[in-house]
Every structure is written in structure tokens, then in C-alpha cells.
Amino acid sequence: MAYSDKVVEHAENPRNVGTLDKSDPTVGTGLVGAPACGDVMRLQIKVGEGGVIEDAKFKTFGCGSAIASSSLATEWLKGKTLDEAEQIKNGDIVTELNLPPVKIHCSVLAEDAIKSAIDDYRKKQAAKRAST
Amino acid sequence: MDPFATLGLPRRYALDLAVAEKAHRELSRALHPDRYAQAGASERRDALSRAVAVNEAFRTVRDPVSRAEALMTLLGIAVGDGHEPKADPAFLMDMLEQREALAEARASRNAVAIADLRDALRATELGAQAELAAGFDSGRAAELVGKLGELRFYRRFIDEAQAILDDLSDCASTA
Chain D
1 MAYSDKVVEH
11 AENPRNVGTL
21 DKSDPTVGTG
31 LVGAPACGDV
41 MRLQIKVGEG
51 GVIEDAKFKT
61 FGCGSAIASS
71 SLATEWLKGK
81 TLDEAEQIKN
91 GDIVTELNLP
101 PVKIHCSVLA
111 EDAIKSAIDD
121 YRKKQAAKRA
131 ST
Chain C
1 MDPFATLGLP
11 RRYALDLAVA
21 EKAHRELSRA
31 LHPDRYAQAG
41 ASERRDALSR
51 AVAVNEAFRT
61 VRDPVSRAEA
71 LMTLLGIAVG
81 DGHEPKADPA
91 FLMDMLEQRE
101 ALAEARASRN
111 AVAIADLRDA
121 LRATELGAQA
131 ELAAGFDSGR
141 AAELVGKLGE
151 LRFYRRFIDE
161 AQAILDDLSD
171 CASTA
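Quick mapping for you: the protein sequence lines, in order, are chains D and C. Start counting the first sequence at 1; every next residue gets the next number (this note's numbering). Start counting the second sequence at 1; every next residue gets the next number (this note's numbering).
Hints in this document: simulated from the structure, not taken from any laboratory. Be a bit skeptical, because a hint or two may be false.
DSBU-like, lysine-lysine: derived pairs with alpha carbons at most 35 Å apart [unchecked claim]:
1) D/Lys128 / D/Lys89
2) C/Lys86 / D/Lys128
3) D/Lys22 / D/Lys6
4) D/Lys57 / D/Lys6
5) D/Lys78 / C/Lys86
6) D/Lys89 / C/Lys147
7) D/Lys123 / C/Lys147
Pulled from the structure, derived: some chain C residues nowhere near chain D, Cβ distances all over 12 Å [stated by the list, open to error]:
8) Gln38
9) Val52
10) Asp167
Every residue, glycine too, gets a C-beta built ideally from N, C-alpha and C.
Work out the full structure: start from the sequences and follow the hints.
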């Protein structure tokens, strides 16, 4: 199957690959998997003052489209507020990367990972507030 | 289409591969175009399409993942994208750690470590297959969709580990 140029570019030069300290209360971690294909994706955000995402990292074990989807997602996340980040939809990723229909689930996985990272961050913050 | 019926096999997850191979071989022989050289055009076409169906059925039942998918579909259980439960977080964490270990072993070109990881996952895969076999036999197929998902994660990992090993040995032999 032919990948679009943008997918190849991200898959060969993925941005923001790496790990943030998941025990840091300002870090949210999203861990998602695609049971239909066996891809695993971890996406992390570090949230600074005013709820702005300062840093985003990912690690994806899967096909080129899954790597490109998560790489693009981390690029988009940096500098966004959590509310803005929540507005990122898998359709935006599909459009930007020109993903074919059989690879749409990769973008769904990336959207899930973003939501799950935000959710994890908010849970940590709520737990912190509850304990103080 | 029922691949088990096509091959004359019982509709079960537990599969005796030798029996399936024999059924495939015998049906393929019986449907071989040479046997239909004197037959009419429609009979020849019919034999050919049955031979294609037999091959496809064999490919389906031979693979542990597609065999489970076929059985679930026959039982009216939806599988595939959007129909399956999200993987358990602890399971995903474990898979991610195994993937990271594989990536490290690959980076250090440690063929022994890669083979160990592959073999450990193969053992886990066999365990999952045994669970599927028992579950299907006792009519609990609907509870097994998550287990089928796990099987795909294992398969993906094992295929990748094998591909890395093949790659390493190719490099070694041409070096």
C-alpha cells in the first residue's frame, strides 16, 4: 500500500519520540491499543501554568500510519490548552496525513491517546486537590 | 461462508492441523482442473470456484486469529474495528514493556534476547489459544472477544520479533 508523503515523512523522522516521567503530577499519560491490529501507543503531555501543554512525547509500536498519527498529534498538542487539545479530532489527522480508509483506525487510536492522556492528567490534579 | 463446512471439519476452535491439511489436500486433488478436462464448461467453472473456496477456507482455519474470527462470525458475534472492547490498561502496559525490550534488543543486535522474547510470547500465545479452545467448546464465545484481541497483539509481536531475527541473520550472512 502506498503511504502519503506526509506519512512517510513523519514515520521516518518522527517528532517527539520519548518518555516523560509518568509519576510527575503535571504529566498525563495515555496508553491505548488497537485490538483489531495489535498496535500499541503511549502519548504523554506535560501541562504548565494556565493549563497549557508545554511538552508532548509519544512512543508507538505499530505501522507507519500509527507512528505518523501520534507524531503529528504531539506536534499539534504543544502550546495548546487542554480545552483546545480536546478539540483535536481523528478526522483532522486523516485530512492532514491523507490517510486511506484502511488506516483511519490509526488516527482514531491517536485521538484516543490524546483523550486518555488529558483524562489521566485531570485525574491526577483532582487527586492532588483532594489530598490538600 | 463456513470454512469448517467447506473442508468437512468440525466447527471447533481446537484444530488438528494434520487433519485440516489432509482435508485440504484431498479436496484440492479431487477438484484439480486435470480431473475436469473432459467436463463441460459450467462444471469446470464450478470445480475451479470450489477449489478456490477450499484454499481460502484452509488459510482461514490454519491461522489461529482468523480461525477465531471465523468462528465468532458464524456465531453471530461481531469482530473487527469498532466492535471489540478496548484492551485492558495493565495488558497494554505489559505489551508496551515487551515492545520496549524488543526495541532495545534490536538496537544492541542481541539475537538471543530477541529469540527469548519471541519464545516467551509464543508460550503466552499458546496459553491464550488453549483458553479460546476451552471457551468456544463450553459456549462462552461471546466472552472471548477480548482474548481474540490479545491474540492479535501477541501475533503482531511475534511476527515483528521474527522479522528482526531474519533481518539480523541476513546481515550476518552477507557480512
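Hint numbers contradicted by this structure: none
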